[in-house]
Every structure is written in C-alpha cells, then in structure tokens.
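Let the hints inform the model, and build the full structure from the sequences given.
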Amino acid sequence: MRTPVGYIQEKSACPSPGRVIAILGLSLLFLATSVCLFDSGAAAADFSFPKGFLGRAAADYIDAFNSGEDSLVAEFHTANFTETSFEIKSLNSRLYQYQSLHKMLGELEPYETVKKNKSKLVIRARSEKLGSWFEVGFEIDKSVPEKLSHHYIRPASKPKVQKATMSD
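Here the sequence shown is numbered in my numbering, starting from 228 and rising by one per residue.
In short, the hints are calculated from the structure, not lab data.
Backbone N, C-alpha and C fix where the C-beta goes; we use that ideal spot for every residue, glycine too.
One or more of the hints may lead you astray.
[Claimed, not checked] If you anchor each label on the Cβ, the simulated ranges turn out as follows:
| hint | residue 1 | residue 2 | range |
| --- | --- | --- | --- |
| 1 | Ser-327 | Lys-278 | 26 to 36 Å |
| 2 | Glu-314 | Gly-358 | 14 to 24 Å |
| 3 | Glu-310 | Pro-386 | 28 to 38 Å |
| 4 | Leu-318 | Pro-386 | 13 to 23 Å |
| 5 | Ser-359 | Pro-277 | 36 to 46 Å |
| 6 | Leu-299 | Arg-381 | 20 to 30 Å |
Now the structure itself:
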C-alpha cells in the first residue's frame, strides 16, 4: 500500500536529509529574494521639492495621493491639468487609476529629484507598502502656462547612492 503524500509513518518520524536540505535551500532562496526586492533604505527626510510651478504641483500631488481621499485627488487634477488633458483621460478614469495605485502602493515617500527642466519634473519616491522605488513625473502643457499636460507613476531603480540615515 502506498503512503499518501504528506503522511509521516511512525517508523520514519524524521524527514530524510535530502528533504531537509531542499526545504532549507528553498527557504534561503525565498529570504534572499525578499531581501533583494525590499530595499530597507529610508526615504530622505530632508527632501525638498524644487521651486516653481512643477515643484508645487508635485508636492500637492504627493499630499493628495498620500491622503487616500478621492476628493483631494480630484481637486488636484481639476486645479492643475488642462481642459484638453481631460478630453484624453476623464477625471473618473484618473480617480479609478488613483484608487488602484494607492491600494497597491500605499503612501509615496519622496526621495530625490531625478530630472528637472522648464517643462518636466521627475522625482524618485518609495512605496510605503512595497518598499520599492517609483518615478513620479509631471509635464507642463507648453501651450497653457502653469498647467500640466500629464503625469505618471512608474517603477524605477533604487538610487545608486543612498543618503545616510540616522541608523547608518
């Protein structure tokens, strides 16, 4: 009679050495993968947004995003985006996307400015829930001063040089 899978017979109460090694190996592999994917470096407490419209818009967006409130995100979009941008993507569509992102990422912790010029700002931020890094980008509509044409959140690599924290 064949022994069912997962059933331990009395005469072999201990798993075989091969099985123990396999379980330990898989456990170590899982632990190593988790450590590689989760970056324990804290977001910079001393980060400050750049001056000007793009910096203010980025700061306001992060505040609205982190609030978890649809009404604040809607207020941000209606105050900062061009009418043309709503023809491309409706406010309801933007709010639906925000809800999904916020549920997945939690709060975003700004870390550093990646790129800034007259029409574009990109910051690197860390997801509070995932511990991974994201770029949050904003672009001005060149035909309408101080209005955004679009913004995005996309996965990013971790910073090459991480700033020292109090625990370092």
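*Output the numbers, in ascending order, of every earlier hint that fails for this structure.*
Failing hints, ascending: 2, 4 and 5.
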